[in-house]
Each structure stands twice: as C-alpha cells, then as structure tokens.
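Student: Chain order of the listed sequences is A and B.
First residue of the first sequence: 360, per the working numbering; consecutive thereafter.
First residue of the second sequence: 107, per the working numbering; consecutive thereafter.
Since no wrong hints were added, every one of them can be taken at face value.
Think about it this way: if two alpha-carbon atoms lie no more than 25 angstroms apart in a straight line, the pair counts; the simulated BS3-like pairs of lysine-lysine are:
(1) K162(B) x K174(B)
(2) K147(B) x K370(A)
(3) K162(B) x K210(B)
(4) K210(B) x K109(B)
(5) K147(B) x K437(A)
(6) K174(B) x K109(B)
Chain B stretches covered by chain A per the calculated footprint, using a threshold of three residues with CB under 8 angstroms from any CB of chain A:
(7) 135-148
(8) 194-203
Because the hints were derived from the structure by calculation, they are not lab data.
For every residue, glycine included, the Cβ atom is placed at its ideal position computed from N, Cα and C.
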Amino acid sequence: GAGVSQTPSNKVTEKGKYVELRCDPISGHTALYWYRQSLGQGPEFLIYFQGTGAADDSGLPNDRFFAVRPEGSVSTLKIQRTERGDSAVYLCASHAGGSSEAFFGQGTRLTVV
Amino acid sequence: ELKVEQNPLFLSMQEGKNYTIYCNYSTTSDRLYWYRQDPGKSLESLFVLLSNGAVKQEGRLMASLDTKARLSTLHITAAVHDLSATYFCAVDMGYGNNRLAFGKGNQVVVIP
Chain A
360 GAGVSQTPSN KVTEKGKYVE LRCDPISGHT ALYWYRQSLG QGPEFLIYFQ
410 GTGAADDSGL PNDRFFAVRP EGSVSTLKIQ RTERGDSAVY LCASHAGGSS
460 EAFFGQGTRL TVV
Chain B
107 ELKVEQNPLF LSMQEGKNYT IYCNYSTTSD RLYWYRQDPG KSLESLFVLL
157 SNGAVKQEGR LMASLDTKAR LSTLHITAAV HDLSATYFCA VDMGYGNNRL
207 AFGKGNQVVV IP
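Please build the complete structure, drawing on both the sequences and the hints.
Tutor: Okay, structure coming up:
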C-alpha cells in the first residue's frame with residue numbers, strides 16, 4: 360500500500376481481555392516501530408523490529424505486552440489482561456533506513472473499560 | 107536518558123503574524139524531526155534536520171537546528187488558520203535504530 364495501515368482504527372475492550380493490534384508497513388520498509396501516545400502526550404517508543412526480529416523491545420511497559428513480525432512485513436501488537444491504563448493510541452511507523460524519516464500510520468485508539 | 111522539551115506547550119497565534127516555537131533536548135543527537143498532528147490524526151512528517159546549522163523551509167514553516175545548544179526552532183511566518191495543529195519535535199536517541207524520543211508537542215491555534 361501507499362502508507363502505513365493500522366487496523367482496527369478503534370478498539371473498545373473490557374478490562375482483563377486480550378487484544379491484538381495490526382500494522383501493515385510501507386512495502387519494502389524493513390524497520391518497523393510501535394509507539395504509544397497517551398492523551399496530551401507525545402508518542403513513546405515501545406518496540407522496534409528490523410526484519411522479523413525484535414531488535415529493541417526495551418520500551419514495552421511490562422510482560423503483558425508482546426509484538427511479533429513473523430514474515431518481516433505485517434506486525435501484531437498483543438496485549439494480555441488489558442488494564443484501563445493501557446488506553447491510548449497505538450501508533451505504528453515504518454522506516455526505509457538511513458537518514459529518512461519514519462512514516463506513521465493512523466493509529467489504533469484502544470479504550471479499556 | 108534523552109529528554110525532549112517543547113515550549114510553549116500551547117500557543118494562540120493571530121493570523122498574519124510571525125511566531126517561533128522551541129525544542130530543547132538533553133543529550134547529543136545527530137537527527138531531529140518535526141511532525142505535525144491534526145486532532146484525531148496521525149503524524150505527518152515536516153522536516154528532517156541532520157546537521158548543525160541545518161535550515162529547512164516549506165511554505166510558511168522554517169526549521170533550524172543548533173546541535174551545540176541542543177535546540178531546534180520552528181518558525182511560522184504570517185500564520186494562517188490551516189497551520190492550527192500540534193507540532194512534535196522528535197530526536198534520534200542514538201541507538202543506531204532510528205528510535206525516537208518525542209516532546210509533548212506545541213499545540214498551535216491560529217485565530218483570525
């Protein structure tokens with residue numbers, strides 16, 4: 360596709376449930392990032408993939424969060440036992456490498472009730 | 107840990123006037139980005155600044171970088187309503203993976 364695509368655009372879930380958020384990066388971009396943006400804040404780094412491997416997952420807040428990218432393109436962010444504090448917009452970005460900028464998707468707005 | 111501070115966090119601008127918003131960061135970095143975000147939308151890339159003294163201009167926006175002062179400015183010339191948005195500064199954290207640290211954003215409202 361022409362840009363980074365994220366689905367769903369909105370997700371409302373009950374506390375304690377499991378959710379999956381999907382990111383389809385720009386074709387050919389090997390680098391993929393997940394960020395989380397809380398209301399009124401800037402995005403915060405969660406995890407970075409280079410190809411299929413999670414090269415840097417130091418931003419994941421705890422072990423309820425996990426992400427995969429099995430074939431080096433689409434990535435899924437998985438959140439177990441969701442808590443109200445997980446409510447935020449989850450942004451995915453992809454990058455062509457070098458000094459170019461990262462391109463962000465529209466985000467998934469997650470609301471935990 | 108790299109910290110990015112933007113100020114002012116909120117700025118009301120009058121149409122036709124010039125304004126500057128600021129981004130300071132706490133440790134050395136060789137890349138700085140400016141993004142625009144409209145309410146409910148994602149981040150749109152505006153500028154990538156790669157070296158000390160870099161200046162880039164697009165329309166009414168001009169961004170500059172002073173790596174020695176760890177400061178970037180975004181100058182708005184003759185503000186217009188369409189420039190109302192939140193502007194984020196993001197700095198490469200230097201891990202070699204283009205991981206970015208963002209500021210809280212400058213929320214700009216341009217009024218007639």
